[in-house]
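Chains as they are written, first to last, in this note's numbering: chain P, 5 to 360; chain H, 634 to 1132.
Heads up, a few of these hints could be off.
Said to hold, decoys possible - Stretches of chain P that chain H covers, calculated by requiring three or more beta carbons in the stretch to come under 8 Å of a beta carbon on chain H: (1) 71-84; (2) 104-111.
Said to hold, decoys possible - Here are the simulated SDA-like pairs of lysine to any residue, each with C-alpha atoms no more than 25 Å apart in a straight line: (3) H:K1094 <-> P:V97; (4) H:K885 <-> P:A355; (5) P:K354 <-> H:N736; (6) H:K949 <-> P:T47; (7) P:K307 <-> H:E856; (8) H:K642 <-> P:K107; (9) H:K1060 <-> P:C343; (10) H:K648 <-> P:V45; (11) P:K354 <-> H:K1060; (12) H:K1102 <-> P:K307; (13) P:K354 <-> H:S1111; (14) H:K1060 <-> P:P30; (15) H:K1016 <-> P:I242; (16) H:K843 <-> H:P831; (17) H:K1061 <-> P:R153; (18) P:K29 <-> P:V97; (19) H:K992 <-> P:F7; (20) H:K1102 <-> P:R358; (21) H:K753 <-> H:E914; (22) P:K107 <-> H:K992; (23) H:K992 <-> P:A355; (24) H:K1060 <-> P:E108; (25) H:K937 <-> H:N736; (26) P:K248 <-> H:F1018; (27) P:K44 <-> H:Q1029; (28) H:K844 <-> H:W859; (29) H:K684 <-> H:V727; (30) H:K1057 <-> P:F7; (31) H:K1057 <-> P:L344; (32) H:K648 <-> H:M634; (33) H:K642 <-> P:R356; (34) H:K642 <-> P:W311; (35) H:K814 <-> H:K868; (36) H:K953 <-> P:L48; (37) H:K1061 <-> P:W252; (38) P:K107 <-> H:L1063; (39) H:K868 <-> H:M634; (40) H:K868 <-> H:K992.
Keep in mind the hints are simulated off the structure, nothing from the lab.
Keep in mind it's a predicted model, so treat the numbers as computed, not measured.
C-beta atoms are modelled at their ideal positions from N, C-alpha and C, and glycine is treated no differently.
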Amino acid sequence: MQFLRKTLDNFYDLINKNKRLSKFKPVLDAGDEFFFGTSKVTTLPHIVDYIDIKRFMSFVVIALIPTVIAAIYFWGWYFLAMVIVSYTFGGLVEVAFAVARKKEIHEGFLVTGLIFPLILAPTTPLWVVAIGIIFGVLFGKEVFGGTGRNIFNPAIVGRIFLTITFPKIMTLNWQAPFTGGLGGFLHYQNTLDAVTAATPLALLKSQNIATSYTDLLFGFCSGSAGETFRIGLIAGGIFLILTKIVDWRIPLAYLGTVFVFPFLSNRLFHTTFSPGLAQMLYGGLLLGAFFMATDPVTSPFTKPGRWIAGILLGVLTVLIRGLSGYVEGVMFSILLVNCLSPLIDTMVLKARYRKK
Amino acid sequence: MLKPFRTFKGGYRFKNYAGQPAARLVEADIPSKVIIPLMQGFGTEINPCVKKGDTVFAGQTIGRDDEAISSPIHSSVNGVVEDIKRMNYFKREVTMAVIRTTNTSREIPRLEGHSPEWWKLSNEKIEELIYLSGVSSLDREGIPTRFKSSIIMPQDVSHLIVHGVGSEPYNISLDLLLDGKNLLHFFEGVNILKRIMPNCRVHLVINAHKKKIIEQLVKLSSELEWLDIYPLEPKYPQGYDEMLVPTILKQKFPYGYSAANIGVVVLNIQATLAVYHAVAEGIPLIERIIALCGPSMKENIHLKARVGSSLEDLIKSRIKENVPYRLVLNSLLTGVTLNDLSLPIERSYSQLIALPENKEREFLSFMRPGLRRDSYSRTFLAKLFPGIRKRTDTNQHGEERPCISCSFCEEICPVRIIPHLLSKYVKKDLIDETLMNYDIFNCIECGLCSFICPSKIPLLKQMKEGHEKLIMQGCDRSQCILPYFNLKGIEGYRGVTKL
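Let the hints inform the model, and build the full structure from the sequences given.
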């Protein structure tokens, strides 16, 4: 601790002396605040809640820890390299903008940088990861004015950009997971039978082959790096809801709709959507519902708005999965609902505060 | 009659903060000098009726104005008026009487005409005793008497709410105030109030966790059909008039005006006890029970002190001085900071809270498990171990960040407005009728939104800023209230009295 303090102080000295380096003060400030907290005192009210944005964001990271460990187990240490690349390049963009804007560095990218590799295929080349996170943070967040003002979830923006630009890499390279024993903890990457296994959702859609629920829950199937270990995702999501970091309304409405809508639709309109329970466990739905649709910045802030957004997400996901050419519907529906959130909020506010 | 439990949406329960005052009462010494502001509690400033050099006795009226809305003010010691001067007092110039004590006897000369058998007194006499004792100036809008002590007349009162909810982080102890005989006195006090306000229904509101007191009160009141007892959750800001009226009477509150405007008088327990003391025992209001709370106090006790004693005399020796501290009056969320210890205490004081001024930086502060940290979110261990006393200090616990619309402020807001939305409007300087339409004037300035914000945004400050800017543009809160309410006593109304 003493050592850290000294190092930071030395850097401050250096920056204060050198004019060119002084631009990088936000970086140093971020480090300083990260390790040593604040010395500011309150005015009115005299006491404030102990929670701050750092703790807020770090709880999302904590909730993702089981998923990350599982991802390393299933896909090898290569996944960790993806996380590191994602954090590095995402952080660089964040720093560049903080320096240019002369503002402090915000903690939001701690979550974005971790979620992004989780929604990629485990074989995605590292340079693609870098391009994706740079695009996501830049055009998903920073061009709108940074944390708190973004319309789209940056991780989703990056992922969709990659899906559209590198369709071959993004949609064909599905890898079978390591299973048994220590699994991926002993390997860097599964090179033997890569490019083989189709995702359960694709199997269901093209060949009508269902994967067993145990395999789906425990992750013995292919898919994006973070979406397969569904037990961990459910546990993480419930943890976030219990600690009040995310609102329970969006996941409940989203998952509830995905569960109910196919049944109703099949009965009423004679469509052939897969049954609700299976839809809930296939694909990236759980990851999306608990960790991305609930992002407070990009989802509606009013409570009725959250219900509406959740239901809309569910309907869109089922429709895209069932009727479009894309296998996966979660990320598109989240992106669509993201851009609808301001509208939903405005409508809810209008209804709530009618002119007296 | 005991009414079922009820509550309101939003709000926050401050649980188990370190430094709660114990139910022990200590009588402070008679000070050698008192400074008595001629404006205390509810009422306008009044002119002194003593001169420099006059000899006064404890309980002698030194200021009285029957024309303006006010109550008399008394000397609190036997002594000589040393000076009458204008002094800076909470950002206002107020006339103060400085009295040097000559006789430190504790004896207080009683008011004329009081009687332990108060029911034999006439209504006029009771009102006069309440007025002359100064008790009628207590609480937000005073106790109505025929002497213009409140903005309405006693017969206009349709509801009287007497509350001891204790919803603040630190509260004066109910067990102490209503201990033994005091409970009976309190009950008599309620009866006296009912006598002078014959058209009112009385609502006794007690902290739902004080089961014993509620039980005793129910027993006492079993035969009275005009009295209801409500056990309420001590959730902040339940003790505010703005929250008590909707929760108990199921009636809308004219935010920004006082409860008296709709014919409701809200009093607390200490005021009701003072009514009894004034009418049955003839004691003028020159003593106050003050709770000394907070971790920076050496002992968390209650102090019975004379009005006008300086803070220096009273509590300087009772504060831990080895660490910097901050002294706050009455409420940790809305109270003023008392920087000047030469200021006197007065009738409206009920809690003095001293908490450490924590400018220390903490290593990896946000990663601590937080056994003693209170938070609305459940991200600290303290929520799993509610029995452990929570730490209070003035550190901001984090840096200011942009709003992420987490909606904590909306969830906790007791008057159902959306602080983060309004603050964004104010910050961007988009001041127009939209703000008013979003009910910005409903804000009761309880401070919960600023308390809760994980981004540490000063929401309360921005809301107040929005108020001011709107008023500059000609939008007034009266536009939201007056068309929808039939308010009483509006001519005498001068804005909410908040210290």
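Cross-check of the supplied hints:
1. Counting residues of the region 71-84 of chain P whose CB falls under 8 Å from any CB of chain H gives 0; the rule of at least 3 is not met.
2. With a cut-off of 8 Å between beta carbons, the region 104-111 of chain P has 3 residues touching chain H; three or more are needed, and the interface restraint holds.
3. Pair hint H:K1094 plus P:V97 does not hold up; C-alpha atoms about 33 Å apart against a cutoff of 25 Å.
4. A distance of roughly 20 Å separates the Cα atoms of H:K885 and P:A355; the hinted pair therefore holds under the 25 Å criterion.
5. Note on P:K354 and H:N736: the hinted pairing is violated, with a Cα-Cα distance of about 68 Å set against a maximum of 25 Å.
6. Taken as a hint, the H:K949 and P:T47 pair is honoured in the structure, with Cα atoms around 23 Å apart against an allowance of 25 Å.
7. Proposed proximity of P:K307 and H:E856 is contradicted: the alpha carbons are some 46 Å apart, above 25 Å.
8. As the CA atoms of H:K642 and P:K107 are separated by approximately 37 Å, the hinted pair breaks the 25 Å bound.
9. Distance check on the hinted pair: H:K1060 and P:C343 sit about 24 Å apart at the alpha-carbon level, within 25 Å; holds.
10. For the given pair, H:K648 sits about 22 Å from P:V45 by alpha-carbon distance, which is consistent with the 25 Å threshold.
11. A hinted pair counts as satisfied when its Cα atoms are at most 25 Å apart, and P:K354 with H:K1060 qualifies at roughly 21 Å.
12. With a C-alpha separation of about 29 Å, the suggested pairing of H:K1102 with P:K307 is violated against the 25 Å cut-off.
13. Our distance criterion of 25 Å between C-alpha atoms is met by P:K354 and H:S1111, whose separation comes to about 23 Å.
14. Taking the CA atoms of H:K1060 and P:P30, the gap is about 23 Å. The hint holds against a cut of 25 Å.
15. For the given pair, H:K1016 sits about 17 Å from P:I242 by alpha-carbon distance, which is consistent with the 25 Å threshold.
16. A C-alpha spacing of about 29 Å is found between H:K843 and H:P831, which places the hinted pair above 25 Å, so the restraint is violated.
17. Pair hint H:K1061 plus P:R153 holds up; C-alpha atoms about 13 Å apart against a cutoff of 25 Å.
18. In summary, the hint linking P:K29 to P:V97 is supported, as the alpha carbons are separated by about 16 Å, within the 25 Å threshold.
19. Of the supplied pair hints, the one linking H:K992 and P:F7 holds, its CA atoms being roughly 21 Å apart against a limit of 25 Å.
20. Of the pairs offered as hints, the one joining H:K1102 and P:R358 holds, with about 23 Å between alpha carbons and a cut-off of 25 Å not exceeded.
21. For the proposed pair H:K753 and H:E914, the alpha carbon gap of about 14 Å is at most 25 Å, so the pair holds.
22. Straight-line distance between C-alpha atoms of P:K107 and H:K992 comes to about 23 Å, which keeps the hinted pair within the 25 Å bound.
23. A distance of roughly 45 Å separates the Cα atoms of H:K992 and P:A355; the hinted pair therefore is violated under the 25 Å criterion.
24. At roughly 19 Å between alpha-carbon atoms, H:K1060 and P:E108 fall within 25 Å of each other, so this suggested pair holds.
25. This hinted pair checks out: H:K937 and H:N736 have alpha carbons roughly 19 Å apart, not beyond 25 Å.
26. With a C-alpha separation of about 17 Å, the suggested pair P:K248 and H:F1018 falls inside the 25 Å cut-off, and the hint holds.
27. For the suggested pair P:K44 and H:Q1029, the alpha carbons sit about 6 Å apart, so the restraint of at most 25 Å is met.
28. Using a Cα cut-off of 25 Å, the hinted pair H:K844 and H:W859 holds, with the two alpha carbons roughly 22 Å apart.
29. Between the alpha carbons of H:K684 and H:V727 the distance comes to roughly 16 Å, so the proposed pair stays at or under 25 Å and holds.
30. A threshold of 25 Å between alpha carbons decides the hint, and for H:K1057 with P:F7 the separation of about 41 Å lies outside it, so the pair is violated.
31. Annotation: proposed proximity of H:K1057 to P:L344 holds, straight-line Cα distance about 20 Å (limit 25 Å).
32. Taking the CA atoms of H:K648 and H:M634, the gap is near 29 Å; set against the 25 Å cutoff, the hint is violated.
33. For the hint linking H:K642 to P:R356, the alpha-carbon distance of about 16 Å falls within 25 Å, and the restraint holds.
34. Pair hint H:K642 plus P:W311 holds up; C-alpha atoms about 19 Å apart against a cutoff of 25 Å.
35. Our distance criterion of 25 Å between C-alpha atoms is broken by H:K814 and H:K868, whose separation comes to about 28 Å.
36. Restraint check for H:K953 and P:L48: satisfied, since their Cα atoms lie roughly 23 Å apart, inside the 25 Å limit.
37. This hinted pair does not check out: H:K1061 and P:W252 have alpha carbons roughly 31 Å apart, beyond 25 Å.
38. For a cut-off of 25 Å, the pair hint linking P:K107 to H:L1063 stands: about 23 Å separates their Cα positions.
39. Proposed proximity of H:K868 and H:M634 is supported: the alpha carbons are some 23 Å apart, at most 25 Å.
40. For the proposed pair H:K868 and H:K992, the alpha carbon gap of about 29 Å is over 25 Å, so the pair is violated.
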